[in-house]
Amino acid sequence: MSETSILITGMGAVSAAGDTIPETLATFERGQRNAGPVTRFPTKLTYPVFEVKNLPSRYYLEGQRTLSLALIAVDQALAEADLGDVSGLRIGVCMGTTVASQLNDLQFYTSYRERDEAPMTAVDRFLKGNLAEVISRKLKARGPALTVVNACSSGTDAIGVALSWLRSGLCDIALAGGADELNHVPYCGFGSLGIVNPGLCAPFDRDRKGLNLGEGAGVVVLEKTTAARKRGRSSELVLLGYGSSSDAYHLTAPSPDGVGLKASLRTALDEAGIKPEEVGFVNAHGTGTHDNDLVEGNTLAGIFGKDLKMLSTKGYTGHTLGAAGGLEAVFTALGLREGWIPASAGFSNQDDAIALAPVRVKTEVGGYYAISTSLAFGGNNAALVIGRGVRE
Amino acid sequence: MNVLGIGAVFAGGIGIKSFEKALVAGWQKPVDMEAKWAASGKYPVYQANLDDVPDKTILKKVRRADRLSKMAVICAADAVKDSGIRDINREKVGVIVATAFGAHVTTFGFLDNILDFGETAVSPTIFSNSVHNAAASYVSSSLDIKGPTLTITQFRFSFQSALQLALVWLQQKRCDYVLAGAVDQFGDVLCYVADRKLTTAQDSRIKPFVFKPTFQVPGEGAIFYILGREKMEKTYCTVQSVMINDNTSQGAGTDVTIIDADGMLPDESAYLACADSGALLAAYSPLFGTMMTGSAFNVAAGALMLSKQRYYPNPVQDNPRGLRILTDSGPANIAAIECVGYDCHSTRAAVRLIAK
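Protein sequences appear in the order of chains A and H.
Under the working numbering, the first residue of the first sequence carries the number 1, and numbering increases by one thereafter.
Under the working numbering, the first residue of the second sequence carries the number 1001, and numbering increases by one thereafter.
Bound conformation, chain A alone:
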């Protein structure tokens, strides 16, 4: 591990798979899928979702559920990093989201439409709910703050931006990841696109019928080796590379040849200074939609070979949109740390059109490197390379 390495010194995750990392690992081990009907808002639609149950009361913020979820993950990550009082430190905060970036409050808008006036409560919540700004202000941090709204790759891109900040010297420590709540508007929107599974999602399966929506937050604490050493800390987990590329193809469909995903993987591998054969496993985006899984599966097979150990964790969390990249980066790091990855939930039958298959059972993984990928609306693709080094 070099002086310039970027360590992962803390992680936090909350999703339907668990309110904490130990709970999540237990869920993964059991292969348990905590999906059910929507309870968050009234709806006539019946698509199952992955909700976070039992939000701790101290985190409850009226009308700001995404922020609540983010703060849970942030607190977990900070606790693991054992940073103590961080006020005044050069800490960057970069968070991805989708829902928290939109003023889509149906009650507010209905009032505006029907009465030509509306209370400003929802507006105030929106204006005071920018994830990165709130977290940065709460920490009294002195460093850049940025909210990334890159649809489903937001969390991955946020971590990639934080990596660039740290390498450039804009900050010494960064909190990065993603958060999103289950919201009525995208629930209807994804339904309209015809890509939501009426049952449970089955990423990469021959008979996959679409995604399930979920909610949650995943956050990592990133730290320069030098900054960590100053406070007597180190970590065996390292963030090594980030790649991001656009398909320049279509607003909602991935490029059939996976051109953007290939480019982002190439960049991430180059930045990490490793070869595809050194990668122990890939935590794929794997939404369970026909197009995503076809393109992603074949692209991964083309780069890493058919024997790649690969999984999608969306069978445990649903598609958490802006949170997905943050959660999946945490899950990828956990796989490296724990030495195993869970069964790719929902997968039963190999699709002959996809040149590789995800793992069907809890699987031991070796090696020092793993990758997390995200593919997004708008044709954006992003990849992170995470490494497990030797503790100093």
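If you're looking for bench data, these hints aren't it; they were derived computationally from the structure.
Model, not experiment: these values are computed from the prediction.
Hints are not guaranteed to be accurate.
What the hints assert, rightly or not - Calculated cross-link-like contacts (lysine-lysine; reagent style BS3-like; alpha-carbon spacing at most 30 Å):
#: 1; chain 1: A; residue 1: Lys262; chain 2: H; residue 2: Lys1061
#: 2; chain 1: A; residue 1: Lys138; chain 2: H; residue 2: Lys1197
#: 3; chain 1: H; residue 1: Lys1036; chain 2: A; residue 2: Lys128
#: 4; chain 1: H; residue 1: Lys1231; chain 2: H; residue 2: Lys1081
#: 5; chain 1: A; residue 1: Lys224; chain 2: H; residue 2: Lys1173
#: 6; chain 1: H; residue 1: Lys1092; chain 2: A; residue 2: Lys262
What the hints assert, rightly or not - Rough simulated footprint, nothing fancy, chain H against chain A, three-plus residues with beta-carbon under 8 Å:
#: 7; stretch: 32 to 46
#: 8; stretch: 100 to 110
#: 9; stretch: 146 to 155
#: 10; stretch: 163 to 172
#: 11; stretch: 259 to 267
#: 12; stretch: 339 to 352
For every residue, glycine included, the Cβ atom is placed at its ideal position computed from N, Cα and C.
Following the hints, put chain H in place on chain A, whose structure we already have.
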């Protein structure tokens, strides 16, 4: 980091030449938008003028896009054209779109769909266009750009954050060029919110040097920049630094300070600190309107001043404190310009531009 090309879409038209023309011409009255909630039934706005798009082929590529995305694509294409750069390796061009409110008009359109037709009969096209990164996606697909494409939102400092990231991407050679810019749109709901939370100028004039009380007139539009490491023949200026939440004084040696005062805050007295350096003060918000991302326009004014070595007078010159503000147009000898913004927490952002 060098400014190699600038695109503009605003109330005065399309293109950096239109923007320069507006800087020379001075204040123009905004248009009146119908507003059912306003006592007069009308409301002043600086509505972007998309009547004369120079490259009609670009419109075909965004025929299904909403107005926000159209503004972004027209502006981004304009910036590329303005740079005159050919033979770009499009895999090494990054796109960063900064926006405060994104496709909120389309989002409300989607809410109309839910309310009018029910959850099962909503439009997938409207939903797709309401996603925050739709504009960036249209930019990359319309211009065939395949580098990293990012949409960011940080309310008042979205644009400065985009510039700061562009600087990092170029330094780290993640990109050869970055197409970075800001786009925001107004709609009746946002104007209603602005009217409720801020004070609308009864005479339609934003007065940036009054500071308190402040008056706003909503604006919309886009500004995009082609940014690169190397200077080229058509280089407007160099972006020396972008500082956010860092109050390190950069005022020394600054010839002109352009402030983002635009009536967005009820008290803009924080900008008075900018007068301490002795630099001439300018503010161009009365040309494009009150916008969270308005600093993108002020930086463009600074880039033009440095490139042309010419002063542009303040469009509205109400100056009750007798500050040293730019009053006249004319040739200049400018080495450095600082563009300064404050948010509601008095956090400061500064973009420092120097002559090429």
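Cross-check of the supplied hints:
Restraint check: the Cα-Cα separation between Lys262/A and Lys1061/H comes to about 25 Å, which is no more than 30 Å; the hinted pair holds. Of the supplied pair hints, the one linking Lys138/A and Lys1197/H holds, its CA atoms being roughly 25 Å apart against a limit of 30 Å. Annotation: proposed proximity of Lys1036/H to Lys128/A holds, straight-line Cα distance about 27 Å (limit 30 Å). Taking the CA atoms of Lys1231/H and Lys1081/H, the gap is about 17 Å. The hint holds against a cut of 30 Å.
About 20 Å separates the Cα atoms of Lys224/A and Lys1173/H, which keeps this hinted pair within 30 Å; it holds. Restraint check for Lys1092/H and Lys262/A: the C-alpha separation of about 14 Å stays at or below 30 Å, so the hint holds. Residues of the stretch 32 to 46 of chain A lying with their CB closer than 8 Å to a CB of chain H number 3, which satisfies the three-residue condition for coverage. Coverage of the stretch 100 to 110 of chain A by chain H holds [criterion: at least 3 residues with CB-CB distance below 8 Å; count 7].
Under a criterion of three residues with beta carbons nearer than 8 Å to beta carbons of chain H, the stated coverage of the stretch 146 to 155 of chain A is upheld, 6 such residues being counted. By the rule of at least three residues with a Cβ nearer than 8 Å to a Cβ of chain H, the coverage given for the stretch 163 to 172 of chain A holds, with 5 such residues. Here the stretch 259 to 267 of chain A counts 4 residues with a CB under 8 Å from a CB of chain H, which clears the bar of 3, and the coverage holds. Against chain H, the stretch 339 to 352 of chain A contributes 0 residues with a C-beta closer than 8 Å to a partner C-beta. That does not satisfy the three-residue criterion, and the hint is violated.
Consistency with the previously given hints fails for number 12 only.
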